[in-house]
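**Student:** So you can see what is in the structure, the chains are spelled out below.
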Amino acid sequence: DTGVSQDPRHKITKRGQNVTFRCDPISEHNRLYWYRQTLGQGPEFLTYFQNEAQLEKSRLLSDRFSAERPKGSFSTLEIQRTEQGDSAMYLCASSLQLAGGSSSYNEQFFGPGTRLTVL
Amino acid sequence: KQEVTQIPAALSVPEGENLVLNCSFTDSAIYNLQWFRQDPGKGLTSLLLIQSSQREQTSGRLNASLDKSSGRSTLYIAASQPGDSATYLCAADSNYQLIWGAGTKLIIKP
Numbered sequence: 011d012t013g014v015s016q017d018p019r020h021k022i023t024k025r026g027q028n029v030t031f032r033c034d035p036i037s038e039h040n041r042l043y044w045y046r047q048t049l050g051q052g053p054e055f056l057t058y059f060q061n062e063a064q065l066e067k068s069r070l071l072s073d074r075f076s077a078e079r080p081k082g083s084f085s086t087l088e089i090q091r092t093e094q095g096d097s098a099m100y101l102c103a104s105s106l107q108l109a110g111g112s113s114s115y116n117e118q119f120f121g122p123g124t125r126l127t128v129l
Numbered sequence: 630k631q632e633v634t635q636i637p638a639a640l641s642v643p644e645g646e647n648l649v650l651n652c653s654f655t656d657s658a659i660y661n662l663q664w665f666r667q668d669p670g671k672g673l674t675s676l677l678l679i680q681s682s683q684r685e686q687t688s689g690r691l692n693a694s695l696d697k698s699s700g701r702s703t704l705y706i707a708a709s710q711p712g713d714s715a716t717y718l719c720a721a722d723s724n725y726q727l728i729w730g731a732g733t734k735l736i737i738k739p
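First to last, the protein sequences are chains A and B.
Quick note, the numbering used here runs 10 ahead of the 1-based positions in the first sequence.
Quick note, the numbering used here runs 629 ahead of the 1-based positions in the second sequence.
Simulated from the structure, these hints should not be mistaken for laboratory data.
All the pointers check out, no bait thrown in.
Under the rule of at most 20 angstroms between Cα atoms (straight-line distance), these lysine to aspartate or glutamate pairs were calculated in the DMTMM-like manner:
1. B:Lys738 <-> B:Glu644
2. A:Lys81 <-> A:Asp17
3. B:Lys630 <-> A:Glu54
4. B:Lys630 <-> A:Glu66
Non-contacting residues of chain B with respect to chain A, defined by C-beta distances greater than 10 angstroms in every case (computed):
5. Leu640
6. Gly645
7. Tyr705
8. Pro711
9. Asp713
10. Lys738
Where chain A lies over chain B, by a calculated footprint (3+ residues, C-beta under 8 angstroms):
11. 654-667
12. 671-681
13. 729-735
Don't be surprised by glycine CBs; every beta carbon is placed ideally from N, CA and C.
Kindly generate the complete structure, drawing on both the sequences and the hints.
**Tutor:** Given below as structure tokens:
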């Protein structure tokens, strides 16, 4: 399978616990994005990486959230001291941004998501 | 700040009808606009991407148009089928992030 993969697909945790999600992008893609989606809403941008550099973080990404992409391949998103409001679908996407080019063809491809439930 | 709105929020039509889903955005300085499909509890499937320099894109029974000057995009679905039932989302690309509408939930009745 050459698409974006995410693990786990579902995670149930108790309030106050830490959780970590993993995303494996399409292999040749240099950009990786994290989004969060709550029921009945469109996704909201959290952060993105160009190779291993984290270039932008949303104000939605509180101090309890941290994302890494250490080797410019897979990425992890960690949530510390989870709260019930963190319950959502966490989506990962990847794209190929050509060097020196504009973003006019920056098509993002999404993984199946990780559904987090905080009890 | 870019805002994306989709109308209607829900739509139910009989099988075989042609239909149009609407997407509007407030900032015309976008790089492209993508339409996605999302089945219940699932991830997002990219349907069409329209670059800012383009007016429309077609894939099978789907046609998406883009009018940057008016801040609008439409997704046209021809000869709808029950398998088209899903939520359709549009997203405006502002370089490093997609700004999303809340989606249109489409139900095609057999």
